[in-house]
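Please build the complete structure, drawing on both the sequences and the hints.
These protein sequence lines map, in sequence, to chains H and C. Okay, so the first sequence: first residue is 1 according to the working numbering, each after it adds one. Okay, so the second sequence: first residue is 119 according to the working numbering, each after it adds one.
Hints in this document: simulated from the structure, not taken from any laboratory. There may be inaccurate statements among the hints.
[Unchecked claim] Calculated cross-link-like contacts (lysine-lysine; reagent style DSS-like; alpha-carbon spacing at most 30 Å): (1) C:K157 <-> H:K43; (2) C:K222 <-> H:K43; (3) C:K160 <-> H:K64; (4) C:K226 <-> H:K43; (5) C:K157 <-> C:K222; (6) H:K43 <-> C:K163; (7) H:K64 <-> C:K163; (8) H:K43 <-> C:K160; (9) C:K222 <-> C:K163.
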Amino acid sequence: EVHLVESGGGLVQPGGSLRLSCAASGFTVSGNYMSWVRQAPGKGLEWVSVIYSDDRTYYADSVKGRFTISRHNSENTLLLQMNSLRADDTAVYYCARADSSGYYYGYWGQGTLVTVSS
Amino acid sequence: DIQMIQSPSSLSASVGDRVTITCRPSQNIGSYLNWYQQKPGKAPKLLIYAASSLQSGVPSRFSGSGSGTDFTLTISSLQPEDFATYYCQQSYSTPIFTFGPGTKVDIK
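Below you can see the structure in the form of structure tokens.
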């Protein structure tokens, strides 16, 4: 059975850094398209980043140059390094696994809350 | 970038009602349109993929239709557990998958 469990969220000051983790079970992270999607309080869903099985990575313009997506293959974990955090990065961050074609997210974690505030 | 417009932004309905939500992308996306349901404090759940394919385990009262720039999610007979927010998502412009702003369905 597929499970995704995020961790690493918390309160951080503007300009600070945080690293999110998404522990996967039931499949291998390295063999799938894995994404981060976030949701600001009371707002809709925003796609953040994706890493493909061939290691290509892509980012939303709003986080490009500040966030880095990666994998820790031996631990079967997806990572999101977030630097230069801003107040508008405050959100619940979900990791999600795309289907084999890469066109929709069939599996989601429960989310981890990141709050950027002084 | 492809913009997604959903309507209505919210609606009130009763158990047993037929509910229709519309999603209109800013350009032709073929059938690369997915629908998700999200309940408060929970992760989104995939309902429909590729415009009209029902995800495994999703009740048959949910259906999707449309192509190009006009898509519809229909709930044939609203059940108490269906009160939630519904999002459309385009997967045409990979790798960036844009979501619609959501439609909140609540109890009349």
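Here is what the structure says about each hint:
no., hint, verdict
1, C:K157 <-> H:K43, "holds (13 Å)"
2, C:K222 <-> H:K43, "holds (11 Å)"
3, C:K160 <-> H:K64, "holds (27 Å)"
4, C:K226 <-> H:K43, "holds (22 Å)"
5, C:K157 <-> C:K222, "holds (10 Å)"
6, H:K43 <-> C:K163, "holds (17 Å)"
7, H:K64 <-> C:K163, "holds (27 Å)"
8, H:K43 <-> C:K160, "holds (14 Å)"
9, C:K222 <-> C:K163, "holds (15 Å)"
The structure agrees with every numbered hint stated previously.
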